[in-house]
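2 protein chains.
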Amino acid sequence: MAKLIPGWLAHYPKDKLGADVVAGLIVTILVIPQSLAYALLAGLPPQLGLYVSIFPVIAYALFGSSMVQAVGPVAITAIMTYSVLSPIAPPGSSLYIMLAAVLSLLSGLMLLACGALRLGFLSQLLSRPVISGFISGSAVLIIISQLKYLTGVVPHGSSSGELLLDLLIKLPLAHLPTLAIGLFAFGILAFVRLALAGWLVRAGLGKMRADFIVRLMPLVVVITGTLAVIEFDLDRGQGVAVVGSVVAGLPGFTFFVPELDTVHRLLLPAFVMMLIGMVQSITMAQALAIKRRERIDPNAELVGLGAANVVAGFYGGMPVGGGLSRSAINVAAGAQTPLASVLSALAMIGVVAGAAQWFERLPLAVLAASIMMAAISMIDVRAFLLAWSYDRADALALLCTAGGVLLFGLEAGIGMGIVLSMATLLFRTSVPHIAVVGRVPGTEHFRNVARYEVETLPGVLFVRIDERLFFGNLGAVEQRLNQELERVADAHDLVLVMSGVNLLDTTAVEVFGELNQDLAERGIKLHLAEVKGPVQDRLMRSLLWSTLTGEVYLSANAAYEKLAPPEVWCPEI
Amino acid sequence: MAKLIPGWLAHYPKDKLGADVVAGLIVTILVIPQSLAYALLAGLPPQLGLYVSIFPVIAYALFGSSMVQAVGPVAITAIMTYSVLSPIAPPGSSLYIMLAAVLSLLSGLMLLACGALRLGFLSQLLSRPVISGFISGSAVLIIISQLKYLTGVVPHGSSSGELLLDLLIKLPLAHLPTLAIGLFAFGILAFVRLALAGWLVRAGLGKMRADFIVRLMPLVVVITGTLAVIEFDLDRGQGVAVVGSVVAGLPGFTFFVPELDTVHRLLLPAFVMMLIGMVQSITMAQALAIKRRERIDPNAELVGLGAANVVAGFYGGMPVGGGLSRSAINVAAGAQTPLASVLSALAMIGVVAGAAQWFERLPLAVLAASIMMAAISMIDVRAFLLAWSYDRADALALLCTAGGVLLFGLEAGIGMGIVLSMATLLFRTSVPHIAVVGRVPGTEHFRNVARYEVETLPGVLFVRIDERLFFGNLGAVEQRLNQELERVADAHDLVLVMSGVNLLDTTAVEVFGELNQDLAERGIKLHLAEVKGPVQDRLMRSLLWSTLTGEVYLSANAAYEKLAPPEVWCPEI
Chain V
74 MAKLIPGWLA HYPKDKLGAD VVAGLIVTIL VIPQSLAYAL LAGLPPQLGL
124 YVSIFPVIAY ALFGSSMVQA VGPVAITAIM TYSVLSPIAP PGSSLYIMLA
174 AVLSLLSGLM LLACGALRLG FLSQLLSRPV ISGFISGSAV LIIISQLKYL
224 TGVVPHGSSS GELLLDLLIK LPLAHLPTLA IGLFAFGILA FVRLALAGWL
274 VRAGLGKMRA DFIVRLMPLV VVITGTLAVI EFDLDRGQGV AVVGSVVAGL
324 PGFTFFVPEL DTVHRLLLPA FVMMLIGMVQ SITMAQALAI KRRERIDPNA
374 ELVGLGAANV VAGFYGGMPV GGGLSRSAIN VAAGAQTPLA SVLSALAMIG
424 VVAGAAQWFE RLPLAVLAAS IMMAAISMID VRAFLLAWSY DRADALALLC
474 TAGGVLLFGL EAGIGMGIVL SMATLLFRTS VPHIAVVGRV PGTEHFRNVA
524 RYEVETLPGV LFVRIDERLF FGNLGAVEQR LNQELERVAD AHDLVLVMSG
574 VNLLDTTAVE VFGELNQDLA ERGIKLHLAE VKGPVQDRLM RSLLWSTLTG
624 EVYLSANAAY EKLAPPEVWC PEI
Chain U
74 MAKLIPGWLA HYPKDKLGAD VVAGLIVTIL VIPQSLAYAL LAGLPPQLGL
124 YVSIFPVIAY ALFGSSMVQA VGPVAITAIM TYSVLSPIAP PGSSLYIMLA
174 AVLSLLSGLM LLACGALRLG FLSQLLSRPV ISGFISGSAV LIIISQLKYL
224 TGVVPHGSSS GELLLDLLIK LPLAHLPTLA IGLFAFGILA FVRLALAGWL
274 VRAGLGKMRA DFIVRLMPLV VVITGTLAVI EFDLDRGQGV AVVGSVVAGL
324 PGFTFFVPEL DTVHRLLLPA FVMMLIGMVQ SITMAQALAI KRRERIDPNA
374 ELVGLGAANV VAGFYGGMPV GGGLSRSAIN VAAGAQTPLA SVLSALAMIG
424 VVAGAAQWFE RLPLAVLAAS IMMAAISMID VRAFLLAWSY DRADALALLC
474 TAGGVLLFGL EAGIGMGIVL SMATLLFRTS VPHIAVVGRV PGTEHFRNVA
524 RYEVETLPGV LFVRIDERLF FGNLGAVEQR LNQELERVAD AHDLVLVMSG
574 VNLLDTTAVE VFGELNQDLA ERGIKLHLAE VKGPVQDRLM RSLLWSTLTG
624 EVYLSANAAY EKLAPPEVWC PEI
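Here the protein sequences come in this chain order: V and U. Quick note: the first sequence uses the numbering used here, first residue 74, plus one each step. Quick note: the second sequence uses the numbering used here, first residue 74, plus one each step.
It cannot be assumed that every hint is accurate.
Note: identical chains are not told apart, hence a pair may lie in one copy or across any two.
In silico SDA-like cross-links for lysine to any residue, where the CA-CA straight-line distance does not exceed 25 Å [as the list claims (entries may be wrong)]:
(1) 598 / 401
(2) 280 / 586
(3) 605 / 465
(4) 243 / 334
(5) 605 / 503
(6) 87 / 409
Since the hints were made in silico from the structure, they are not lab data.
Start from the sequences, fold in the hints, and give me the full structure.
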């Protein structure tokens, strides 16, 4: 890191200070409910959500490149944490908390490595339909995971379907006061989301202000819920579950070196988390930057997000990501530079140090309701319908990813999604353009025999390949070459014109090596012509090059001249 | 299946009958040791390897398309069966045997479905370096898994490294008679593989005959081992582990309907098994067919392999595949058509019905030695060295796949391999060719402004995109378009010349929709020109089409004429 002080700070525009200060303070208060809620979703003590809203946020502000993206606890990383760790340790236990910190640290280190190695392009591994399917599937998982807090009933089962079924059976046993509070909170939040904003705008309020009031409502619901618990003593008297004792005051940094066995176990989940975090953060930062006519550097984003997660590993111990709703709050509150995030983080220190115990009697059902509301808005049916009308293969990839997440879990789901994205891509690139060519009489140009009147040589086949050769299209290339060879009577030479081939991968060079031997057994020599410089440099290190039965010609015409039967000169007079 | 009688049988060339009969009988005897050994490797009772060498083999002969490929128990599917099922049930238990049958049935049904849907191209998901890494990694897993039979010591551990370490610690406790038999068998097999064939050829034997003798040796070792056990009473007297009681006589078909929960659990492993089986069988069948100047139909191969596995599910209950060494034995024995396999299957009925109890005192250490010898020959260091010298990215993909298999297991390893194959592919296709174009004066042709003297319009940018647009290259396209727009003073129109674009996937149409809106906010209209017919048909169903701020022109020239400022006519005289 050459730049110790980030650009936005070194050249801070003083006229933006006011806006950033106001935005920072507003954001601090507005993100409290979601920070608590996502920690709960991750199976961690709620206050950890507040902790990771401090130093990780500052780390991102210093290393990231987006002006307004806000990092913190987000729904997707939270549900991933839960689904990875809950089979290994009881949620909320000290082992579980330690594992979450290791997970955060590992995915942070991987993000840093990817940023340093400029591997940001890896985020393009996933097509949009697959991302959309993954998020929608995760949202359903999130909703199912929160039903236990809303109903006070703990379902058992190994898959989401079983959990849901068990919950339905046990529904008559639901804890009524908890259910009442949860449904009430859910109802208010649903009303706010569906109707209030529209009403406010129609009542004459500006779009900005209406949006702000809507975003304020979760906090209002949380406060109302807590006050109701205190007023009617719902927790001690009625047994409504609440956040419970919160460690007062500011925790220190925890330093630890994870055990090798733990690292081994969490390496793959951390990789998946990194991939998803990468895609989500870069996509969102880019969308925000375009709206604001700014630029982001994908690799700097990775470094920023990586630094935030490494810091989160030692302070708070919960994986963080670039949050859609956090960033939206940040933008709506008027943030101009990352200073707003830094100020919000500093203000959060005050909240944690002074006011954490205020959340002790906050009912979990209210947090669950707000998580479920957020999750519902993540389900994107429209994306499916659009994909369906545009491209069935992409729509199926979306459905399969969502289904995979629900049936086999998050990691397998995203794995299926990647495979499906690629499978459609491969299917579409699996048949490259290939033309049998001949010489245009009187020139040195070679053209498609199907379209032009051209000269050919008896027993010699000239084939031009117009695409890079890689594992996905070799089957079609081999098949086509054999078909064309069968059409030539007594073929004895095959010339591949490689002018359009930018790459032969390792599989291609092996397959052509085999083709070379196979043709040799059939008495056909294989020649190459017009091989591009970089391709040739590499080919010279291959077995194909050293065993090639024919020649390598600079041009198709050179091959033509050489392979033409010796001309019998007939004097015309 | 329109053809109830396969082509090779309907038009059976009578002159090949003799060769097929001889080959069938030889194959029956030669595959006995490996059939027993791979069943042991799969954690199943050895005789199941013989059972699945009967009816599944006939099913493949009837439905497959290869003339000489032989299916049966193979090393890769055996180790996959073991690694999938051993965490769920104790190997050899009746639950385990049932699960193996379900796994075989499921992967068979998936193969049938892929064959029927003509999805053979899916086997191109894997590049050769990744396949090579997967096989080498699996081979190491196989070797480690067999050490317990060779030493008589059962190691504990969750990863292959732990198992190996534990085994080293416990080595002083090894059962010496078992170790002696195992090492002796291993030594003989190693000597045969490394030296004998060469000696025989140098001694004047033909290559064919030498190869045949080498392939006979495992049987000799198995017989010698069994005779040694009987002679010195090593099993009862010394405690050397042997195959043990074999159910005498021919078992019947077992019909069962697997439980939903079992299916759910095995769906993903069965998918991975199908994918690997597909790749292995198609690749091998193709290689054999090319050598013999025959053709195979990849989708018929899938149907054949699927039918074999479905039958195996009900008869023997062990997944089968196209085996390299089985097929080599078949070819070496002189098989001409699948009739050889059918006859070998019928002869196997005789072996199972009459001679199965001969294997009761066969020592497991000898089988383990023959498995380890086969596994060693699967480790392909040369493929790595070749890839390393040719293309580092492919060599790394190979190494990571092998490492992934060893560290995280077979499924995760192959997943990593697929992701890596794709990542290299995406990286190489992530920057498409894009040219800023202008009109060649006096013509309707548009050419690259960097190479030709062309006319341009003020504030209008003509950009030609030369590749299909998909999720993997959109980042680069967007960035390039924005760069080019910045170079144009007061840009107000952007014309995308789509003559080279064969496809816009769902992600592309979304990204261009966003670009369209983004440009609109900047006061720039987006136009399309020369959109290909099929691309346009699809685009008309998209949001981009209905919200496009500019026009769609038939040709770049039409756009040029329309966007040119109205000409002020200056009379020149």
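Residue 243 and residue 334: within-copy, between-copy, both or neither at 25 Å Cα: Between. Shortest inter-copy distance 21 Å satisfies the 25 Å Cα cut-off; intra-copy 38 Å does not.
Intra- versus inter-copy proximity for residue 503 and residue 605 (alpha-carbon distance at most 25 Å): This pair counts as both: shortest intra-copy Cα distance 22 Å, inter-copy 20 Å.
Alpha-carbon proximity between residue 598 and residue 401, which holds within one copy, between copies, both or neither at 25 Å: Answer is neither; intra-copy 65 Å and inter-copy 28 Å both fail.
Residue 605 and residue 465: within-copy, between-copy, both or neither at 25 Å Cα: Between. Shortest inter-copy distance 19 Å satisfies the 25 Å Cα cut-off; intra-copy 38 Å does not.
Up to 25 Å CA-CA - residue 586 versus residue 280, copy category: between (66 Å within a copy, 24 Å between copies)
25 Å Cα threshold - placement of residue 409 relative to residue 87: This pair counts as within: shortest intra-copy Cα distance 11 Å, inter-copy 86 Å.
Checked against the numbered hints listed earlier, the structure breaks hint 1 alone; every other hint is satisfied.
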